[in-house]
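K.L.:
Let the hints inform the model, and build the full structure from the sequences given.
Okay, here's what each chain looks like letter by letter:
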Amino acid sequence: MPKQKSVASLEKYRQTLSNARESKKLCVAICSGTGCLALKNAEVTQSFIDEIDKRGLQSKVDIRRTGCLGFCKEGPVVMIFPREIYYVKVKPGDVPEIVSSTLVDNRVVDRLLYSGPDNRTVVCEGDIPFYKYQTRLLCDNNKKINYHSIDDYIAIGGYSALSKVLSGMTAEQVLQEVKSSNLRGRGGGGFPTGIKWETTRNAPGDIKYVIVNADEGNPGAFGDGSILEGNPHQVLEGLIIGAYAIGAHHGFIYVRQEYPLAIESISIALQNARDYGLLGSNILGSGFDFDVSVHRGAGAFVSGESSALMTAIEGRVGEPRPKYIRTAVSGIWERPSDLNNVKTWATIPLIINRGAAWFNTIGTEGSKGTMVFSLVGKVNNTGLVEVPMGITLRDIIYKIGGGIPGGKKFKAVQTGGPSGGVIPEKFLDTLVDFDELTKLGSMMGSGGMIVMDESTCMVDVARYFLSFLSGESCGKCTPCREGIYQMLKIFNRICRGYGEEGDIERLQEISMMMSRFSLCDLGISAPNPVLSTIKYFADEYEAHIRQKRCPAGVCKNLRSVASTPVSAGPV
Amino acid sequence: MNKVSLIINDRKVKADSGTTLLQAANDAGIEIPTLCHHEKLAPFGACRLCTVEIIKGGKSRLVTSCVYQVEEGLIVKTESEPVIAGRKLILEMLWARSPGVQILRDYGVKYGMDMDKFKTAPTNCILCGLCVRYCAEVKKKNAIGFVNRGTERAVMFYPEIASQECRRCGECFPLCPTGVLPSNYALQRVPHFKWPVGIFSR
Numbered sequence: 001m002p003k004q005k006s007v008a009s010l011e012k013y014r015q016t017l018s019n020a021r022e023s024k025k026l027c028v029a030i031c032s033g034t035g036c037l038a039l040k041n042a043e044v045t046q047s048f049i050d051e052i053d054k055r056g057l058q059s060k061v062d063i064r065r066t067g068c069l070g071f072c073k074e075g076p077v078v079m080i081f082p083r084e085i086y087y088v089k090v091k092p093g094d095v096p097e098i099v100s101s102t103l104v105d106n107r108v109v110d111r112l113l114y115s116g117p118d119n120r121t122v123v124c125e126g127d128i129p130f131y132k133y134q135t136r137l138l139c140d141n142n143k144k145i146n147y148h149s150i151d152d153y154i155a156i157g158g159y160s161a162l163s164k165v166l167s168g169m170t171a172e173q174v175l176q177e178v179k180s181s182n183l184r185g186r187g188g189g190g191f192p193t194g195i196k197w198e199t200t201r202n203a204p205g206d207i208k209y210v211i212v213n214a215d216e217g218n219p220g221a222f223g224d225g226s227i228l229e230g231n232p233h234q235v236l237e238g239l240i241i242g243a244y245a246i247g248a249h250h251g252f253i254y255v256r257q258e259y260p261l262a263i264e265s266i267s268i269a270l271q272n273a274r275d276y277g278l279l280g281s282n283i284l285g286s287g288f289d290f291d292v293s294v295h296r297g298a299g300a301f302v303s304g305e306s307s308a309l310m311t312a313i314e315g316r317v318g319e320p321r322p323k324y325i326r327t328a329v330s331g332i333w334e335r336p337s338d339l340n341n342v343k344t345w346a347t348i349p350l351i352i353n354r355g356a357a358w359f360n361t362i363g364t365e366g367s368k369g370t371m372v373f374s375l376v377g378k379v380n381n382t383g384l385v386e387v388p389m390g391i392t393l394r395d396i397i398y399k400i401g402g403g404i405p406g407g408k409k410f411k412a413v414q415t416g417g418p419s420g421g422v423i424p425e426k427f428l429d430t431l432v433d434f435d436e437l438t439k440l441g442s443m444m445g446s447g448g449m450i451v452m453d454e455s456t457c458m459v460d461v462a463r464y465f466l467s468f469l470s471g472e473s474c475g476k477c478t479p480c481r482e483g484i485y486q487m488l489k490i491f492n493r494i495c496r497g498y499g500e501e502g503d504i505e506r507l508q509e510i511s512m513m514m515s516r517f518s519l520c521d522l523g524i525s526a527p528n529p530v531l532s533t534i535k536y537f538a539d540e541y542e543a544h545i546r547q548k549r550c551p552a553g554v555c556k557n558l559r560s561v562a563s564t565p566v567s568a569g570p571v
Numbered sequence: 572m573n574k575v576s577l578i579i580n581d582r583k584v585k586a587d588s589g590t591t592l593l594q595a596a597n598d599a600g601i602e603i604p605t606l607c608h609h610e611k612l613a614p615f616g617a618c619r620l621c622t623v624e625i626i627k628g629g630k631s632r633l634v635t636s637c638v639y640q641v642e643e644g645l646i647v648k649t650e651s652e653p654v655i656a657g658r659k660l661i662l663e664m665l666w667a668r669s670p671g672v673q674i675l676r677d678y679g680v681k682y683g684m685d686m687d688k689f690k691t692a693p694t695n696c697i698l699c700g701l702c703v704r705y706c707a708e709v710k711k712k713n714a715i716g717f718v719n720r721g722t723e724r725a726v727m728f729y730p731e732i733a734s735q736e737c738r739r740c741g742e743c744f745p746l747c748p749t750g751v752l753p754s755n756y757a758l759q760r761v762p763h764f765k766w767p768v769g770i771f772s773r
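Sequence lines, in order, name chains A and B.
Under this note's numbering, read the first sequence as residues 1 to 571, first letter to last.
Under this note's numbering, read the second sequence as residues 572 to 773, first letter to last.
Source of the hints: derived by calculation from the structure; they are not laboratory data.
Errors might be hidden in some of the hints.
Said to hold, decoys possible - Here are the computed distance ranges between Cβ atoms for each label pair: (1) B/ILE578 x A/PRO219: 56 to 66 Å; (2) A/ILE325 x B/ARG582: 23 to 33 Å; (3) B/PRO670 x A/ASP395: 26 to 36 Å; (4) B/GLY589 x A/ASN202: 51 to 61 Å; (5) A/ASP539 x B/SER588: 48 to 58 Å.
As the list claims (entries may be wrong) - Non-contacting residues of chain A with respect to chain B, defined by C-beta distances greater than 12 Å in every case (computed): (6) ASP105; (7) ASP127; (8) SER180; (9) TYR324; (10) ARG481; (11) ILE504.
Where a beta carbon is used, it is the ideal one built from N, C-alpha and C, also for glycine.
P.N.:
In structure tokens:
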């Protein structure tokens, strides 16, 4: 492992690596992200290793395990470079044919290609509609690197932003660049990143911290996990640059317990970075010291809240604290602590390399850059999508997502997880933008996008999120703990056919109080799914409460032919 | 110590910087209801009953007065409409968990609480944390603590410690607003705790 003692030596090393790469060598890239691994891509990988070995092709073909390639619906995914042939739903039994046809004879195996709704097959990744309409600034790198290899990352230009920073930019200049980029936090709050960095930098105290929030607790969201698994170095590079700008010498990466592959990826990445002199003391000979520790979550959604996360890192129970004094000023052990989401950190190297001015050319007036969404639910093309801010919801769901399966009718799209709201069809042409989504009663959130169709019961959706939160609320403050409890009781009654006149008003009263009195954003935003479903789908509530009927046919007790509920009694 | 000027309920008040709004109001003779506040303990901000409305830079916000520190020029309203509406609902929710408690009844009368708003599901504990925090911060024994999360959150004696400490202490018992603490001490069979045979070296 060559320790890089200076920027110059890193650049020289990069040149060697990238020269070695440029040869037109064949490469089999197998998606080894969590999704494809669950679909047994490990066996596919082993089959490739065995087959290539058997045919003595090791010197001609590289095998590359990558992180999530994005098109999860079509997994297990295998890509063949340099042509970028995209094979879908690959099984171990397909491997000999791929090797003999594609690797040896350069012929495409038609039956393994993606075929669209028009039944025409597509050979290359870039031509598949799912990919064609995306802007994969962050996610595109996943296919180019082995997810555990620092050499691959360096070869494609990784750590060049760090080089640029350490070979001539002052901390102030870095800070200014990030401020000028107008980057807003990708964790849900959408707070201007540059301003948060500046507050941390200017806060009194010599010891400061930077933190990666990789807790990603929203049900249905897996973008942060995929980026951390597939390209940990890009996150790390952003973190080191941020630490330099802020004046922090220690960083924490808080990864949820339930992401073992991401924990493995980032741990390997940290060790490699240390070995290469990119982490530790005197990074690249610049005199800047910085190192990072990984902190594993203990199974709590609420610990993704910034003050709860910091309390957990302190070794205490991960419960939020009142944040009248910002955590940027008083965070971990009351020291200034800057916390940002995985995607925010991963965007920093791009901004440094290509400039704030470039970043401002993408997106809308109020929201610059791209956003990564976990597109899931009742949509044809489920997976990880990256789109420029300002794209319409319609384009995401129909052009990229391929529309609703089974010819069913779109009903709503939900963003922001348990803190977000539902958006009905009439707003499908809304531009994806922090403020636009908030205006509709939802929020950008950290990237979950759940599509719902005519067979989704909107009352049940609100009930689902409340039941999720009832187990995840820390329980410290009365409004959240008791508010969720009482609202859930009302929902359980409604969904079992015991809804009463006045239930909607009760829900609204509790919601109003929770949104103003709760200690943290979990409680403040818990009413959002309730209020937005009531606002846009009042007719479904009315059907449940007055007619004891579930229009979507989901609420079991309300499905009988007669209009009376079949269960034995109320909750 | 800097002195800070602010306005509480249309009255000009001066307070030392670093004081909480609750303290400043109390010093000026203005009462704010609290359940989880105790002068010997760090502010907890859990019951939310002490929430007040503040106006800063033209913007109105609700904050807990037990935690929020005084600021120059702050305008504070301790009994404005949203504050009263919220306090009423919080009291109603706590009543459902702990019906009959005197202090809830007293505050309830003041804020127009409807005792029948929610069906009672008594745990008889309002999770104010006074017992837990007193044992942690004042006695530094941690014989009692919170267990579980969310709607299942409860206060429990840690038998290994409590069986050794509580009999000669008992100082948290009178702090309990609902009076259930001494009963729980008995119900959780703390005095009868025996170390499981063979598991620990004792």
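K.L.:
Now tell me, hint by hint, if it's right for this structure.
P.N.:
Each hint, compared with the structure:
| no. | hint | verdict |
| --- | --- | --- |
| 1 | B/ILE578 x A/PRO219: 56 to 66 Å | violated, 45 Å |
| 2 | A/ILE325 x B/ARG582: 23 to 33 Å | holds, 26 Å |
| 3 | B/PRO670 x A/ASP395: 26 to 36 Å | violated, 55 Å |
| 4 | B/GLY589 x A/ASN202: 51 to 61 Å | violated, 21 Å |
| 5 | A/ASP539 x B/SER588: 48 to 58 Å | holds, 54 Å |
| 6 | ASP105 | holds, 59 Å |
| 7 | ASP127 | holds, 48 Å |
| 8 | SER180 | holds, 26 Å |
| 9 | TYR324 | violated, 5 Å |
| 10 | ARG481 | violated, 6 Å |
| 11 | ILE504 | holds, 16 Å |
The structure does not agree with the numbered hints 1, 3, 4, 9, 10 stated previously, though it agrees with the rest.
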